[in-house]
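Colleague: Protein chains in written order, with numbering that gives the first Met the number 0: chain A, 0 to 344; chain B, 0 to 344; chain C, 0 to 344; chain D, 0 to 344.
Rather than coming from a laboratory, the hints here were simulated on the basis of the structure. There's no promise every hint is true.
Note that identical chains are pooled: a pair holds if it fits in a single copy or bridges any two copies.
[Said to hold, decoys possible] With a cut-off of at most 25 Å between alpha-carbon atoms, the simulated SDA-like pairs for lysine to any residue come out as follows:
id, residue 1, residue 2
1, K258, P48
2, K213, A272
3, K194, S11
4, K268, A46
5, K194, P81
6, K194, H82
7, K258, G210
8, K213, T284
9, K268, P48
10, K148, V84
11, K268, R70
12, K29, A193
13, K213, Y264
14, K171, S255
15, K213, L279
16, K194, L333
17, K213, D304
18, K191, A341
19, K147, K171
20, K258, N177
21, K213, R20
Please read all numbers here as calculations on a predicted model, not as lab measurements.
Protein chains: 4
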Amino acid sequence: MTPISLGIVGASGYSGELLVRLLLRHPGAKVAAVTSRSLAGTPLEQAMPELRGAAQGLVFTKSEPAELAARDDVSVWFLALPHGVAAEYARAFLSAGRRVIDLSADFRLSDPARYQEYYAHAHPAPELLAEAVYALPELQLSEDWKSKKLLACPGCYPTSILTPLVPLLRAKILTGSNIVINSLSGVSGAGKQAKEFYSFCERAESSVAYGLPKHRHLAEIEEQLGAAAGHPVIVQFTPHLIPQRRGIISTIVAPSGGKTLEELYAVWKQAYAGRPFVSLLPSGTCPDSAHTVGTNRVDFSAVLDSRTGNFVITSAEDNLMKGASGQAVQIFNLLHGLPETAGLL
Amino acid sequence: MTPISLGIVGASGYSGELLVRLLLRHPGAKVAAVTSRSLAGTPLEQAMPELRGAAQGLVFTKSEPAELAARDDVSVWFLALPHGVAAEYARAFLSAGRRVIDLSADFRLSDPARYQEYYAHAHPAPELLAEAVYALPELQLSEDWKSKKLLACPGCYPTSILTPLVPLLRAKILTGSNIVINSLSGVSGAGKQAKEFYSFCERAESSVAYGLPKHRHLAEIEEQLGAAAGHPVIVQFTPHLIPQRRGIISTIVAPSGGKTLEELYAVWKQAYAGRPFVSLLPSGTCPDSAHTVGTNRVDFSAVLDSRTGNFVITSAEDNLMKGASGQAVQIFNLLHGLPETAGLL
Amino acid sequence: MTPISLGIVGASGYSGELLVRLLLRHPGAKVAAVTSRSLAGTPLEQAMPELRGAAQGLVFTKSEPAELAARDDVSVWFLALPHGVAAEYARAFLSAGRRVIDLSADFRLSDPARYQEYYAHAHPAPELLAEAVYALPELQLSEDWKSKKLLACPGCYPTSILTPLVPLLRAKILTGSNIVINSLSGVSGAGKQAKEFYSFCERAESSVAYGLPKHRHLAEIEEQLGAAAGHPVIVQFTPHLIPQRRGIISTIVAPSGGKTLEELYAVWKQAYAGRPFVSLLPSGTCPDSAHTVGTNRVDFSAVLDSRTGNFVITSAEDNLMKGASGQAVQIFNLLHGLPETAGLL
Amino acid sequence: MTPISLGIVGASGYSGELLVRLLLRHPGAKVAAVTSRSLAGTPLEQAMPELRGAAQGLVFTKSEPAELAARDDVSVWFLALPHGVAAEYARAFLSAGRRVIDLSADFRLSDPARYQEYYAHAHPAPELLAEAVYALPELQLSEDWKSKKLLACPGCYPTSILTPLVPLLRAKILTGSNIVINSLSGVSGAGKQAKEFYSFCERAESSVAYGLPKHRHLAEIEEQLGAAAGHPVIVQFTPHLIPQRRGIISTIVAPSGGKTLEELYAVWKQAYAGRPFVSLLPSGTCPDSAHTVGTNRVDFSAVLDSRTGNFVITSAEDNLMKGASGQAVQIFNLLHGLPETAGLL
């Protein structure tokens, strides 16, 4: 089979770097272009020393949307760009008939007003929202999503939360009321940073909550939970920064409303039968972030606390893999009829 | 003033080591005895290399309760022992008329049945429970507690949780219903460990929930919250292990029931006015565990989430200081009329 | 092409785990057997949670040498066993006509007396030494080594030291006199450990020299350097343990004897032209261990200090990849005529 | 005794912060002024959250040299400033008759030409060099140094290297030839940094040599070693950055020239008898950086490698304590006739 030719825009951050690394060794992909405004002209392996000897001679090119859109050797573009910036690239690429897999937040919310509320500026391309789909592959109910041209990769926190919760809301195991979510993230979730706060001496041996009470990812979490429940869902979400590089765990407390642990697990088993990147752990075994790092899995389990009547669900993932670049490659695989796990094991 | 002569039993763990270090440099204390079954005969500075040059010639002695109780050069004994073991020392020392500051869990619960439920063996000295007081100094309502002979130091998680919550329950800002607590602890909370699970390679870059749904500290948390509320309180408590050596943060979600943030802060300000080891941070500033390490403080703040109607309270402390050894020294200071901060700044 | 069927003995340590992971996704390999005395009967993905969903249904089998040797579905055996234990497996497998790639130290030294000096017990299979080859692929001078049945994988420290030094000794750029080597290793170099010394709290924020003055790896370092120089070479080697999980860097000081930096680089360029797993960095750029983690590369560079007349050579590698499992897979590839990089990018 | 009133200029870096913390709790000191250009007007405990509750109401003041020099409530000024900046403060304070304890490099070298060579700008106050003394207390041969008005605190690397080496050169145990030094430093040695290179994600799990071949500290190392030997000494010095916050270890290889380990230890014992901040470890026990963190000690030991004829000396210290702020306080104590350990245990 001919490898699919692709380009990666804005590859200099952590998720961009990992995306390049995954796609360079992907058996069904050919990396035709890697772009960066700041690094144009620089050989890939100079900017990304971990790719020494594996960069296939690639050099960063400039990042002009129109120029890139004109390239006919690229059929799929991955966008590893900040929110607000990704949209103009998406517009150019879609106009030229290319497909776009967008790792930014620009097309994750269906409502531009909600986007403005959470991102503090007007939506940069509301006319494209109808083209977009929130692409968490395990949660799609039909195959239609693969026909979309604009695939919005979910955020890192949302993936760890939605994967366990959405099937439970769809199946009415949970109503959506009184859900309390606490998430812990490694520092790479903040991206490459030249700030004192993110320096080694400040972050090592330090843990802290942040983003209270309305972290940006809350918007997409609640939109997806609401869609699953069939009515609006409001949750309490508190993210925390902890001293590790990669990995997220989420601890979700939700009233059981009389449902049993067996009913909960039955829903999960049905929803995720045969899915290679979801791992259900037995009740009582809490997933460890370290066991997911370097993999594209999300692991989770639940207990029922008979004293409180709550389910306590814990999940883990690699924020840069299933939470970003790995999921983007998984989407790429599914769109093109490749094995779902290609390049991801 | 003559320094108070004291002994430390079981000083070889992390909280024991820190206790020795704090008391060796304490201006009002004289360390007369340091005991350890496994280290008897070993010079302190050999077993604790961080004390090289500061160990005052001390050598570990044997740990026979009767022998130790017979020493008339020791008026206060600190117990840094596992639960179940501390009680026999407490009994011997109290019989001999000494005071006991116990860092173990043996005298934290008033009800032996609850002790058995959580610690899986019968209470080793139920007859002493009437002598004991749960000694979280900032939460004592009168001076009576200082006349007790058996002082139970609170656990590390409970201190970070009770300090912010108890005044709010007493003042009816919170009812005690539907409280969800998530705590994150550094690895020293598990003590010195020779297990693969606690090895550097397994813990570095790893975060994981554990102890679901009934961690042992839950018993003392609920007993103290219930006493503050005037009725039983049941909470959802999930501890997590994160890759740092010292430090705990707790994130507490509690329904506001229509109370305002101003009312909440007013209660805190009144409860903790002039207390040197409680630091109230402004709403919106979340305490960072690293800022408390090496101090005896607990820092906390709150926000009110208008979307959910919940207060979100976050707190931080050093698990080995305010969560263990520092608090024991603070108790020692208060019992003996020394400045509360002596040896702790 | 038919995948080559192989077995892995003693796969429960860090290098064993990584070997399994690499070979499970290797396009030219089929993992037919994974053995462990302590884990026999346990599914692989239970013992190695990072392999959840990727373990191909494998279950650990027992580890009896004779039984394993009798399996005709395995043509190559990898030994990830302690020194002293590996030899008996090697004997059984060689007798049965299988090939052996041994990650232990048992066949790295040509002289049984030297083995006894450094490993403190008699060599367990001196009769096999003639069958063995010290298999650092980049340093082999002819293709003969691929005909050997018993391949001894070099140690982690030696790989980072021999790769830069051997060509310089062969080319007489260095004489071998007065070489001082300091190496820094992540904690995984000590293997999986249930000792207090290797606990997170003891190793985090801690660095320390160890193994002075005769670390076991010194024996193979000096044997190989001596072979390259054509006369015995004695070096000063000091390893250090530092708070990271993976990665080794080595800093090598050697008198230049009037040779220039250009002469040194010319030798390196000739020796390593076209080798995918050696990366020469420009003088003045020191390799960073983090850039090699997850790769099979060794990176190195040199400066000439005009004040002292010394070359200072610095190198970096992933101790578990090029220093152990990755190198074993590289050997496997070369033995079987597969691309050298198969399964390793 | 009346506490000595002092000021600290430029207290916002790591060594400045620690200096403030040490002096605030020092029984013989009163912190009268803390200055910072960027933080003027900010309460200390806001800028340094670890001092919450212990900042004695101090507020950062402006940093104009003339204004500060005019304050008659300050008799000693500590300078925690970058090199090149410290000198103008020293000039102003000395003119006003104050004493200066300078943590910068401005007065560590006696030769302005050497300063220019290593710091790449002209010496900012060569006329003051005659007033200055290189104040490593344990290495002073007479009491004269305490009469100096300008005390230059040694660098962090030099302290860990000079303390073991200087007595050996003075006693002719070592000649000074062919010494190779490798040092490992925690990241705080680079100061507070807002650079991507010093970010948590780049430094965690990373080790790297740097500053080859002429790190700035080499100049003061060689000047002091030369003075001890009585003739110029040139050494090979390679520093490395490792993933810990605090702590330095140095590994020093030096030809024994036929001297014995007993002779070496005898010199050390005589040189350091009764010194509270030097700890000699038995041969074979390598000092661990973690055991020195939070202390003002330097620990060291040596082995003699009979194969190479070299001594291998290993040392450890806390780069921010004995390597900077603790040593400054030690100097302060000795200048004022206070106990050497005051405020430092």
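Colleague: Could you run down the list of hints and mark each one as holding or not?
Modeller: For each hint, the structure was consulted:
1. K258 - P48: neither (52 Å within a copy, 29 Å between copies)
2. K213 - A272: neither (34 Å within a copy, 31 Å between copies)
3. K194 - S11: Answer is both: 17 Å inside a copy and 16 Å across each meet the 25 Å cutoff.
4. K268 - A46: Intra 43 Å, inter 22 Å, cutoff 25 Å: inter-copy only.
5. K194 - P81: Close inside one copy (17 Å) and across copies (20 Å); limit 25 Å.
6. K194 - H82: both (20 Å within a copy, 23 Å between copies)
7. K258 - G210: Between copies, since 22 Å is at most 25 Å while 32 Å is not.
8. K213 - T284: between (30 Å within a copy, 14 Å between copies)
9. K268 - P48: Between copies, since 19 Å is at most 25 Å while 42 Å is not.
10. K148 - V84: within (18 Å within a copy, 58 Å between copies)
11. K268 - R70: Answer is neither: 44 Å inside a copy and 37 Å across each miss the 25 Å cutoff.
12. K29 - A193: neither (32 Å within a copy, 37 Å between copies)
13. K213 - Y264: between (30 Å within a copy, 21 Å between copies)
14. K171 - S255: Within one copy, since 10 Å is at most 25 Å while 27 Å is not.
15. K213 - L279: Between copies, since 22 Å is at most 25 Å while 29 Å is not.
16. K194 - L333: Neither: 38 Å inside a copy, 39 Å across copies.
17. K213 - D304: between (28 Å within a copy, 8 Å between copies)
18. K191 - A341: neither (28 Å within a copy, 31 Å between copies)
19. K147 - K171: neither (29 Å within a copy, 54 Å between copies)
20. K258 - N177: both (15 Å within a copy, 18 Å between copies)
21. K213 - R20: Answer is neither; intra-copy 33 Å and inter-copy 36 Å both fail.
The structure shown violates the earlier hints numbered 1, 2, 11, 12, 16, 18, 19 and 21.
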